[in-house]
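Since the structure of chain S is provided, determine the placement of chain W on it from the hints.
Listed here are the chains, written in short residue letters.
Number of protein chains: 2
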Amino acid sequence: MKRILIGILMCLLMAGLAYAKEDASMKDMFSVIHARKSVRNFTGAAVNKADLEKIIKAGMAAPTAANMQPWSFIVINERKILDDLAAELPNAKMLTKAGAAIIVCTEPDKANGKSQDLAIIDASLAGENILLAIEALGYGGVWTAAYPYVDRMKHVKAVLNIPDKVIPLNVIVIGVPAGEDKPKDKYREGKIHWERW
Amino acid sequence: MKRILIGILMCLLMAGLAYAKEDASMKDMFSVIHARKSVRNFTGAAVNKADLEKIIKAGMAAPTAANMQPWSFIVINERKILDDLAAELPNAKMLTKAGAAIIVCTEPDKANGKSQDLAIIDASLAGENILLAIEALGYGGVWTAAYPYVDRMKHVKAVLNIPDKVIPLNVIVIGVPAGEDKPKDKYREGKIHWERW
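Chains S and W supply the protein sequences, listed in that same order.
The first sequence runs 1 to 197 under this note's numbering.
The second sequence runs 1 to 197 under this note's numbering.
What the hints contain is simulated information worked out from the structure, not anything from laboratory work.
Be aware that a few hints might be false.
[Claimed, not checked] Among the chain W residues that face chain S by a calculated CB cut under 8 Å, a handful are:
(1) 3
(2) 34
(3) 62
(4) 76
(5) 120
(6) 129
(7) 143
(8) 148
(9) 162
(10) 186
(11) 194
None of the values given here were measured: they were computed from a predicted structure.
Using N, Cα and C, we set each Cβ at its ideal position, and we do this for glycine too.
Just chain S, same shape as in the assembly:
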């Protein structure tokens, strides 16, 4: 009996170690979707480059009309560039405390039917995957809008040397969360219509 217990304990220990190892990157999708929140308060710590690559790969797995992939991604780690962006983006001041940023860009000429609408939608879907990946990896992120604000897009394009024909959709600010931001419950039953409006 004692030996059976020792066996069970050994096994639980191994399972616990395996679970702890998996936990860093394996998170249930529904939990991530409901845990995701706009994080605007960061510790100032850096974001790992391998994690940023994983986040961008998630972005490129989004659907895109007629598989046109009109998107591209600028990934920023450098302190000075993050601060330069913050300087004229009143909605993205938290960049000064963040560890990284991703700008989801899109090019209407490359979208299905050269549609700017579809270019924006495709890039938006990539952006949502990016936000979910940030949450899943234990970082915090927030989508700060560049598009459709002319002044913000102009500043982002100037700082990052973005070609005229390319639209910077957003500045997704990324960092280690300071723990102050919580998810909102946005479920409203009245927003659901069954069968017809």
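Positioned in the frame of chain S, the structure of chain W alone reads:
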């Protein structure tokens, strides 16, 4: 020694049962993001109502500019309505074999700054969460565009009695996959710019 082995085997059996139980709804977020594909071939089987509710809840957990939530959702199970939609949507003929559909709607007047651009982006993010939830639950789905096509939006509004001021963004077709559709690898290293364009 034999008893230790019995203990280990009992423990592995319990862990296996626990894992099998979790597997149906607990799927790692990155796996879901990379397994998601546009599914256009369905068995014709129905979609569970509780699953549809879970899918819509995931949609409403998306970020929305200034928390305005300009979105709403029409969820369709009825065979006749699915067929009526298909009748004049050449890009959504697979509705006739699908089990359900979700139309993500959006209302510019309710969006931040009454911006149609932000209304479309908010609804798009909800739509991506919906596609991921469909995949996570083992169904297949495909985003067929209504917006920005005037003729398609007109047909969807007529069939579903959608008010003038509301935009039907898409018809997300949902069903049990027939197994013919596979995810695309859309990763392109050249789409990533480090620090600057």
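- Query: Are residue 62 of chain W and chain S close enough, Cβ to Cβ, to be under 8 Å, as the hint says?
  - Reply: holds (6 Å)
- Hint status (Cβ of residue 148 of chain W to nearest Cβ of chain S, threshold 8 Å): Hint on residue 148 of chain W: holds, closest Cβ of chain S at ~4 Å, below 8 Å.
- Query: Going by Cβ atoms only, is residue 34 of chain W closer than 8 Å to chain S?
  - Reply: Given a least distance of 5 Å, the restraint on residue 34 of chain W holds.
- Given residue 194 of chain W was flagged as interface, is its beta-carbon under 8 Å from a beta-carbon of chain S? holds (6 Å)
- Task: For the hint on residue 76 of chain W, just tell me whether its beta-carbon gets within less than 8 Å of chain S.
- Result: holds (6 Å)
- With a cut-off of 8 Å, does the beta carbon of residue 3 of chain W approach a beta carbon of chain S closely enough for the hint to hold? The hint holds - residue 3 of chain W has a Cβ within 8 Å of chain S, the shortest such distance being about 4 Å.
- Minimum Cβ distance from residue 120 of chain W to chain S below 8 Å? holds (7 Å)
- Message: For the restraint on residue 162 of chain W, tell me whether the closest CB of chain S is nearer than 8 Å.
- Response: holds (5 Å)
- Against chain S, run the beta carbon of residue 186 of chain W and see if the smallest gap drops under 8 Å. At 5 Å from the nearest chain S Cβ, residue 186 of chain W passes the 8 Å test, so the hint holds.
- Item | When the least beta-carbon distance from residue 143 of chain W to chain S is tested against 8 Å, hint result | holds (6 Å)
- Task: Tell me if residue 129 of chain W is really an interface residue toward chain S, meaning its C-beta lies closer than 8 Å to one of theirs.
- Result: holds (6 Å)
Violated hints for the displayed structure: none, as all numbered hints are satisfied.
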